[in-house]
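K.L.:
The lines below spell out each chain.
Number of protein chains: 4
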Amino acid sequence: MAKVKVGVLGATGTVGQRFILQLADHPQFELAALGASSSSTGKSYKDAVAGRWKQVKPIPENVKNVTLVECEPKEFVDCEVVFSGLDSGPASTIEPAFRDANLRVFSNARNYRMDPVCPLVVPLVNPDHFSIIPHQRSTLSPSPSKGFIITNANCSTTGIVVPLKALQDAFGPLDKIMVSTLQAVSGAGYPGVSSFDIHDNVVPYISGEEEKIESETRKILGGINANSTAFEQLDDLAISAHCNRVPVLDGHTECVSVSFKKQPAPSVEEVKEVLRKYTCEAQKLGCHSAPKQVITVHDEPDRPQPRLDRDWQDGAGVNVGRVRKCPVFDIKFVALSNNVMIGAATSSVMNAEIALAKGYLA
Amino acid sequence: MAKVKVGVLGATGTVGQRFILQLADHPQFELAALGASSSSTGKSYKDAVAGRWKQVKPIPENVKNVTLVECEPKEFVDCEVVFSGLDSGPASTIEPAFRDANLRVFSNARNYRMDPVCPLVVPLVNPDHFSIIPHQRSTLSPSPSKGFIITNANCSTTGIVVPLKALQDAFGPLDKIMVSTLQAVSGAGYPGVSSFDIHDNVVPYISGEEEKIESETRKILGGINANSTAFEQLDDLAISAHCNRVPVLDGHTECVSVSFKKQPAPSVEEVKEVLRKYTCEAQKLGCHSAPKQVITVHDEPDRPQPRLDRDWQDGAGVNVGRVRKCPVFDIKFVALSNNVMIGAATSSVMNAEIALAKGYLA
Amino acid sequence: MAKVKVGVLGATGTVGQRFILQLADHPQFELAALGASSSSTGKSYKDAVAGRWKQVKPIPENVKNVTLVECEPKEFVDCEVVFSGLDSGPASTIEPAFRDANLRVFSNARNYRMDPVCPLVVPLVNPDHFSIIPHQRSTLSPSPSKGFIITNANCSTTGIVVPLKALQDAFGPLDKIMVSTLQAVSGAGYPGVSSFDIHDNVVPYISGEEEKIESETRKILGGINANSTAFEQLDDLAISAHCNRVPVLDGHTECVSVSFKKQPAPSVEEVKEVLRKYTCEAQKLGCHSAPKQVITVHDEPDRPQPRLDRDWQDGAGVNVGRVRKCPVFDIKFVALSNNVMIGAATSSVMNAEIALAKGYLA
Amino acid sequence: MAKVKVGVLGATGTVGQRFILQLADHPQFELAALGASSSSTGKSYKDAVAGRWKQVKPIPENVKNVTLVECEPKEFVDCEVVFSGLDSGPASTIEPAFRDANLRVFSNARNYRMDPVCPLVVPLVNPDHFSIIPHQRSTLSPSPSKGFIITNANCSTTGIVVPLKALQDAFGPLDKIMVSTLQAVSGAGYPGVSSFDIHDNVVPYISGEEEKIESETRKILGGINANSTAFEQLDDLAISAHCNRVPVLDGHTECVSVSFKKQPAPSVEEVKEVLRKYTCEAQKLGCHSAPKQVITVHDEPDRPQPRLDRDWQDGAGVNVGRVRKCPVFDIKFVALSNNVMIGAATSSVMNAEIALAKGYLA
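Protein chains in written order, with the working numbering: chain A, 1 to 362; chain B, 1 to 362; chain C, 1 to 362; chain D, 1 to 362.
By construction, these hints were calculated from the structure, which means they are not laboratory data. This structure is a prediction, so every number in the text was calculated from the model and none was measured. Treat the hints with care, since some could be wrong.
[As the list claims (entries may be wrong)] With beta-carbon atoms standing in for the labels, derived distance ranges: (1) C:K43 x B:K3: 52 to 58 Å; (2) D:S88 x B:P301: 30 to 36 Å; (3) A:S207 x C:R52: 36 to 42 Å; (4) B:K64 x C:E70: 55 to 61 Å; (5) C:K43 x A:S267: 29 to 35 Å; (6) B:V77 x D:H288: 43 to 49 Å; (7) D:S92 x B:K43: 42 to 48 Å; (8) B:K325 x A:A170: 30 to 36 Å; (9) A:P27 x C:N102: 31 to 37 Å; (10) C:P301 x D:K292: 40 to 46 Å; (11) D:K292 x B:K146: 42 to 48 Å; (12) C:V77 x A:Q55: 45 to 51 Å.
Just so it is clear, CB atoms sit at the ideal spot from N, CA and C, and this is done for glycine as well.
The shape of chain A in the complex, shown without the other chains (with noise of 0.2 Å):
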């Protein structure tokens, strides 16, 4: 079967050298286009990011010598979908003119998140979210008949709704959500944060990130119209989250603390159970970047750790431990979960392989 043309737009970007080692060699994608701003456009992949290519991975030889182009759809014709890991700046204007020209675009931006009509989607969580597309593509003049926007999840908002997704399953829905994170330098791209900022520190504080959170989760965990027209967000979920920057190259550590609406509330080993047997679409559909292990749960007292678990299952999967009675709410845990990979590129690549599997892309 002939693979998917694919683009990515901010490819020289952290995040789009992170979409370049996911689609190098993927199974039902191909790279046809490479896009990045002007400074860029016209050098072979290799010299744009000469001295910023900061993966342990080489770039891969079949994409060092592309030659980038401008971030405009005339240049991704022979594409179906794009991957945008464009900054929140140009992504407003690219990103709804590449789907204005009919491709699907899967956006790490934040722009398009909270648009009434585009979907939030997390792949482990709510990928039924998609079903909005139809309306979105008709709230549009003219209605593009194949291009859309599906943006995934905030990093440090993905590490901790995977968890709590399987949470309310199992036990109905959540009434208070406090949440203190422990966010890796990787979160913010390169250059970033300055070693100066970081080193031997802690910034308890990171621009927009606590509202990401709380806004974001509210409408990951909520549902959709009948008619698949409108979110239906939990407005009564009150969440409250403090947002730190730590030393840690990858890996957000997350500390939650949850109460139901339904009590008595389950127990720790009802908890763990749910967590572990948690599966998702992305499992059933067969897509190839989803996890074995949707949530890996840690019995040992001191794990999970970003250094160590930061990479099991490449990244695509979050893990949990220290699930515990929590004095003031019902149940208080840890989470871990890649920032780069399911908090990023891997969360829109699986999008799309959900999208291809579920004849979004036909």
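Please arrange chains B, C and D on chain A, whose structure you already have, making use of the hints.
P.N.:
Frame of chain A, contents of chains B, C and D only:
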């Protein structure tokens, strides 16, 4: 006026080293004896800590050649007071032996913190708990005429009870507290945390730490009964702690959410005002180690930070920042305290200064 | 073909853990016995390393429940070969006991490295030194028919002798070598280096390390006499090492300046060419663990770097960069090697693969 | 006596911040003008550095509300002296403009360091080079009556020339020097080194740094001719530098091997004695910023270390340890200097103190 002669128990350990730096030229106390384990006794202090003195300041000249003695009262006959930097193992028998021998013991060990007749005192918060001392003596047989044990709190408890006390004084009883800590490696002593465990990593677990925060806070913020014979712990104050070790040398960062029993809760501005104006008895008594400003409130969006703020006022006060509304509780903020100073040695020394000023060393 | 049964001595330590990961599914070797100290014997491997398994990869499933045995030959009767990850203390008596019991010992300990009848072999450099084995046996009484001890080099020696061997082969004897190392914390095992010592710090001293580099290099780069009974160390090769510990997890960076006896010295381009083209016997023999490229030469001005280059080829080769004229000697460059792979376990395992291919295990 | 009025060029940068901390309550100098780039002029100092003040000490109270001015001489008419923390780009035109306007410029920029009529002065080493100043003025047309430019050395040069000067004074000309540096991130300013580049890493390259060490050392350790019109650089002194960036905040560690022209070379004990006894003119002149001990020689096997020794004497001196025989050259040792203090701002300020004491500011 003659200085009070004091000794240090566990003088070669990391807390002991801090005691020595604080006491070497103290205006009211004079170092008269240094106790260590048998492997060090008979050696000069300098020789005993060779390769283990891990302080930025050099060993004080007047301490270098002091001969270390056993941690036995007969070696401390010249002393009125001892500061204990012992681990909990040896502390369990040595500290009461010194009390029985009529020495005043200011302990940094955890053993007697929750003892019903021992004060657990953060000097910036509850020196009024010293009033149980006569009762402490009366419970012993034979009752020492002068000896007693006073403990200071765990370092992560200390950092939060200072602002919480200010809030409780101003706005009435607290209802619920959720705290997540990002604790420095120096809290674990030397050699303490292996670089292999914490380099590029977070360890989301510190043995016993969450329980200490939860129980100690209820004792410290509680009162003492009218005849000073029992503490009135705040048994209905719900506290939940998530404790993490992060790759920071000194300075515990703590993310706190709090709700008040009395509603409506104070505004952010009222909270900041109350924190800024908070004063403590150590200031009124003119104690040598008391900070000028008990709580330094930061208005910058990204402060306090351990590297930048831990040494402010020699680490004798507490820093608070990011005071804001909590979507789940009433108020949330970030507290930053120097775990090796106000979180350990400075607390013990300031407690002794207060005790001296209030006549407990007479 | 039946696999060769092998054992691991010191199986729970950090080098032992690496041996297990490399041997668990090796095509020629089969793990048949795991030895540990008395405190662990009788336990399952999984239980013995609980809280001490510090590898990113999980414990292999087929190893988890293996019962640990004493490091005594009678427990290893099924084995032909043992890999020793023992510390030098126990190695001093255990390793010769296994040799005497007719096992081939591939040791990572330092004890026999400079022994006049023991090969000190970096598999990418001098496997011809294996030819002393018959003589080694002949010096023992009784002479073992099959047993011998082969050692691999210290991790910081390994990183530099590979490029130095290539240069010596191409341009004749080296005259002087100056090397400064920036060594990773994993080189010190677990718990090894305290975070308190290395956090935000450099320790410009590693006990015995400079002497090891200076002596081992002269043995490894030297020859063996015509009847294979003695090593011909390069006594007139002047070497000076400055060894430093830096806050890096894995990967030793080494700055090398070298001069040649034969003048004029080679150009920078000739040196790079020779390094790139260097091949080793392990490659010709088709050894499972041999790298595709022995020395990867980097042209970028700022490579190699430990975080980016240490895992290239699973750490089985060596990286060299910044080849340039030295204003004092002839040539200078930066070498980067993975101290826990080619610097430790991979060297032992590759040595055994070579020994197998060359008939020494028959 | 009236203080000398001084200004700072580049006052908001990291070197400028250091200047301000050192000058805010200096006994001889009074801050009279602060210059910055156009984006900051007109703002109060406090507002201009909001979010960029990265010092542990707070902004001095008497500086907070000073209004920043353009780096033009007309804005500094009250000043006799300016300290330049400018980058080399703006320094190239601004510094000579100030000299021409009759201000004495003490520059930390690299532009004029190798200028044949500009002194390159490490205040602990070669303030005698100031004597070229009349000649410097005479080369200009029109010749300024008071203006001149004095530069201090690159931070990594500074750390080694101090002990090398002591050795040269005592044992005659040096023959060869090999140095490997392990440099702190603060040397690169702010934001400077990305955490992504240096976290868990070493970067074995700093652009231009090796060349600076090699050339600056030959000028600083050289003399000046009899009529003070030309420097006598040590053209036959062979120097080779390997420069590395390491994850340390402050403090450059440098591994030095040195040989002497005069043989036999001094013993280790003679070298240590000479280093310990070395004094400098700034001490004799009673300069405010001069260290009590120019070179602190450590006898412990593992010192100096950046975290423990960089702040000794406020970073105004240099630390040396591990003095030992070099198997290739004569002597080797480790030097440690505070790159932001004696390696930058302290050098400029001490140079100005010396110049004042010697009448060059009259």
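K.L.:
Give a verdict on every hint.
P.N.:
Consistency of the hints with the structure:
no.: 1; hint: C:K43 x B:K3: 52 to 58 Å; in the structure: holds, 56 Å
no.: 2; hint: D:S88 x B:P301: 30 to 36 Å; in the structure: holds, 33 Å
no.: 3; hint: A:S207 x C:R52: 36 to 42 Å; in the structure: holds, 40 Å
no.: 4; hint: B:K64 x C:E70: 55 to 61 Å; in the structure: violated, 47 Å
no.: 5; hint: C:K43 x A:S267: 29 to 35 Å; in the structure: holds, 31 Å
no.: 6; hint: B:V77 x D:H288: 43 to 49 Å; in the structure: holds, 47 Å
no.: 7; hint: D:S92 x B:K43: 42 to 48 Å; in the structure: violated, 59 Å
no.: 8; hint: B:K325 x A:A170: 30 to 36 Å; in the structure: holds, 32 Å
no.: 9; hint: A:P27 x C:N102: 31 to 37 Å; in the structure: violated, 51 Å
no.: 10; hint: C:P301 x D:K292: 40 to 46 Å; in the structure: holds, 41 Å
no.: 11; hint: D:K292 x B:K146: 42 to 48 Å; in the structure: holds, 43 Å
no.: 12; hint: C:V77 x A:Q55: 45 to 51 Å; in the structure: holds, 48 Å
Hint check: violations occur at hints 4, 7 and 9; the rest are consistent with the structure.
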